[in-house]
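Start from chain A and add chain B according to the hints.
Those protein sequences? They're chains A and B, same order as listed. Residues in the first sequence are numbered from 0 upward in steps of one, following numbering that gives the first Met the number 0. Residues in the second sequence are numbered from 0 upward in steps of one, following numbering that gives the first Met the number 0.
FYI, nobody ran anything at the bench for these hints, they're computed from the structure. Treat the hints with caution; some may be incorrect.
[Said to hold, decoys possible] Here are the computed lysine to any residue pairs in the SDA-like style, where the Cα-Cα straight-line distance is at most 25 Å: (1) B:Lys335 <-> A:Ser70; (2) A:Lys36 <-> B:Lys290; (3) B:Lys334 <-> A:Glu97; (4) B:Lys290 <-> B:Pro526.
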Amino acid sequence: MSIFIDENICNGCKGLPEARCERICPGDLCYRKENMKAAIRDQSACWTCACCVKECPVQAIELKLPFQVCSSGASLKARLKRDKTIWTIRDADGHQEEFIIQAKCLKGDT
Amino acid sequence: MGIIPVDTDILIIGGGAAGCFAAVEIYKRYPNCRVVIMEKAHIDRSGCLAMGLNAINAYLNPGQTPESYVSFVERQFEGVIRKDLVYSIAQGLNEVVKDVEEMGLPIEKNEDGTYRRKGKRSIRIFGERLKPILAEAVKKTPAQVLNRVVATNFIYNGKRVCGAFGYGVRDSMLYVIRANAVIVATGGASGIYRPNNTGEARNLMWYCPWNAGTGYAMGIRIGAEMTSFENRFIALRVKDVHAPTGTIAVGAGSRQVNARGEDYLELYYKHLGGNKCLTQHRLLATVEETKAGRGPCFLDTTTLSETEERRLKEDFLSMNPQIILLWASEGMNPKKRPVEVQGTEPFIVGGHCQSGYWIDKERRTTIPGLYAVGEVAGGAPKKYVSGSWVEARIAAATALEDMQGRNLEDVDDEVIQKEKARIHAPLMKKSGISPQQARERLQKIMDEFAGGVSMSYALHEERLIEARRLLKLLKEHGKDIVAVNNYHLVEALECIDRIDVARVLVEHLIYRKETRWACYQTRLDYPGKDDNRWLVFVNSVYNPDTDEIKMIERPLCS
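Chain A with its partners taken away, still in its complex shape (with noise of 0.2 Å):
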């Protein structure tokens, strides 16, 4: 697994033509369902950028390591702010880290 996707979490980005997943995912793996829920289409094929994690508005995306590589069940999310993004990592364990890393400068700012 590469990416887990919490149904209850996500809304399908409703309202849009696309789910954001859907219209970011660099090797268009990730679709909306019949039940509008978004879904990765072939995990093998991720390649864990993180891409749909930092655009889902409702951080329903989590990223993982596919279990060959790593086998505890760590995850990292993220959110996106106007200049920055924050990042946080959760241990098998449960520890949560939480990072805030500039991203962007706004105008003005340099």
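Quick look at chain B alone, frame taken from chain A:
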């Protein structure tokens, strides 16, 4: 499949870092120009920098000059580089970085406002959103962006490139784009060799899995001259997750050690320069340590301070978030355990190494109307992203100048119908081979017969000749690939492109009868570097009528 005709002045194929920058540059110079970007994904997050980037590794910090930069690249590449191209890149590096900073890219600064130096030619950036920042700059121009349109072939009338065909993945339409100039910026080629990771993790690879070498293949199919495909790139990376070792080694100052904890570069590879050796020798030493039974090798991160450890994680989140997950498992914090390093499978790229179109200093390819920038452009290794921007700037100026007074060429309906039939073929078949089968076959051939991971990257004539034979057979199977939907159709087209690239690659590997670049091009049958004979470029031109690949030698130039 319907047809959507599009007319433009300049067509840019590939909206990655180079393609986006080229569009912005064109409008800076000529605001009335019509520009179309054809992009297989979405320009907000496409190309090899979709994840982000934490450093710019081609930059002239104080004390560095264009001349010193060229000398550095020449030494790293054993004397075979296009000095004219590298020099033109070096001259523009600092200016383009400034431009992207103005678009909104955060760069780490000293208190006096100057960029903080990371290495002689390197600065630290906070580039998680580098791609969206470039895309935003494009959106401020009138450029027409065609997202989810996959380039399939150039429109070529036998004399010049007059545009390109694209397949719309969302609308199932054939785009017939006529242009006075075409800038190809599609990136390099991954997926040619069997990857380190397989099965469910097969696309957990260093280079973007969707950079399928399409730009190379399109050029090959119209007989554009290609250079230095034999200068493959193999990255030494953090095992399994492919995070760059430079971030740790240079950024955090960690030592490279073998399984016994020895500083193996200093201890066993002093003759190659020890810790100051060339990039490829660092890889070679790591491969040799494994053969000698002293592997695996590591970057010793256990000496990091807590501040350094956190900063390292921040750096990687902006570029390779996977490694953070690795560290989060089983207490694998970099301070607790050293980080294992390993070579990737070989890739064909013009940004780290120099495989690509043979171009002139103004970035014209050998086919009139076609310009190449970034990873698809050959002869200028270590250009990375900033060098790709400089190339985009140069090509934009050249394309604008060359197209003055030109009119769009008519495209024969016959040509359009032929391409339509070619694209459509995999969808029409009921049975045959799947894109996955074709891809796995290609990767197996290349891994076993053309120096992949399982062969410790080594090459020799007999195996390469067998690779040549097997690839010719595989190409014939290209017509048997079946696709059940547009997603698989793109995979099928990518397979066909990769096979075309692999065949040219194998000819280049056969032709250079010496060992010029360790691991990238190691010939077991010609183990020495032969400067008397091989200080030349190995180039090739494919003939689509005879299906033959003609090899050409070009001298080094000043």
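Checklist entry - Is lysine 36 of chain A within 25 Å of lysine 290 of chain B, Cα to Cα? => result 49 Å, violated
Next on the checklist: For lysine 335 of chain B and serine 70 of chain A, compute the direct alpha-carbon distance and say whether it is at most 25 Å.
Outcome noted: 18 Å, holds
Next on the checklist: For a C-alpha distance cap of 25 Å, please report whether lysine 334 of chain B and glutamate 97 of chain A respect it.
Outcome noted: 18 Å, holds
Item to check | Straight-line alpha-carbon gap lysine 290 of chain B to proline 526 of chain B, limit 25 Å | outcome: Holds, at about 17 Å.
This entry does not satisfy hint 2, going by the numbered hints stated previously; all others are met.
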